Amino acid sequence: MTLSALKKVHKKSYPTISPTRPELQHENRTVLITGGNRGIGLAIARAFVEARAERVIIVSRRHDAVMAAIDKIAKEAKDNGSPTIVEGRICNIADMESTSSLWLAIKKEGVHVDTLVLNAASLGVENSLLGAGLDEVWGEYETNLRATIDFTRWFHRQKQQGAKRRKALISLSTSVVYERHYVPTRPSYAITKLAGTDYLQQVALEVSPQEMQISIFSPGIIWNDLAAEKGFDESTFPWDDESLPAHFSVWAASPEAEFIHGRFVWAAWDVEELKALMDDGIKKNPRFLLAGIEGLSASTGST
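So the mapping is simple: this note's numbering equals the position in the sequence shown, first residue as 1, plus 1.
Think of the hints as simulated: they come from the structure by calculation, not from any bench.
Keep in mind that this is a model prediction, so the values were computed, not measured.
C-beta atoms are modelled at their ideal positions from N, C-alpha and C, and glycine is treated no differently.
Errors might be hidden in some of the hints.
[To be verified] The list that follows gives simulated cross-link-like pairs (lysine-lysine, DSS-like), each with its CA atoms no further than 25 Å apart:
1. K284 x K8
2. K9 x K73
3. K8 x K76
4. K276 x K8
5. K284 x K12
6. K284 x K108
[What the hints assert, rightly or not] Computed beta-carbon distance windows for the label pairs:
7. E295 x L105: 40 to 48 Å
8. S236 x L7: 23 to 31 Å
9. D280 x P16: 32 to 40 Å
10. P239 x E24: 27 to 35 Å
11. K79 x L206: 36 to 44 Å
12. I222 x E273: 20 to 28 Å
13. S102 x E273: 40 to 48 Å
14. R154 x D280: 25 to 33 Å
15. L131 x E212: 20 to 28 Å
16. P287 x S102: 38 to 46 Å
17. V10 x F233: 31 to 39 Å
18. P23 x E295: 38 to 46 Å
Modelling step: build the complete structure from the supplied sequences, incorporating the hints.
Okay, structure coming up:
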């Protein structure tokens, strides 16, 4: 079975990934979302509130943005009868002192993060790699790779109460890591997101999903306020609804998603079809849906 065998490609949420499913409930679990103040990140925060998480922590660089998001999501939680506590934290994910302060504060408060959603990213400078300055390109690595490494290490090393519970790390990647023609003017975005994806796939080889389940996915082409601000309209692309990656994130944090541990998938793929595909695909190729050199694998060697 190959990816072409997938018959269902979703544009919006569907029952299997609904956060209201009892199997996907996040009661007694704390979720931290980087870039959770707007766009897909805000939709993900809303989805975990629907899943009745004990606490949702929204992380952003701007105080006003965090407060606005908290007010919005907390009101929705109250209106919908969700017990979720919605909190906000200020953090520049590309600044190691800022991230250290964030995690040390969480530790001091005795809070254990059960689910980490790496959503924040930099789209890169609109320039060629040779045309851009070194600091510009390296700055993208600091946001899209180093921050991923930093947050993953802090998340995995939590020692406070609840540290032995199963952890779930969700990373929003992008199809641009292999479809670079879609964003030809921002090559630094593709290479730095690929680096972050490859890092997490290697980490997934080092930890079991029972210890820290890692799910990496492309959210799709999402219509929201951010897209509108960039000058797009609803006819520009065949947009996906933000409920798709938001609800997929909740499903991906559950034990049901163990079979995609460390693999790169799309939120649009039907998870029931995907499970059958993964079982067959990995048997035939252990590197199935992993980053690498196209045309080469361990079985083909160097010839």
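Handout entry: Hints the structure fails to honour
Key = Result: hints 2, 3, 5, 6, 9, 15, 17 break, sorted rising.
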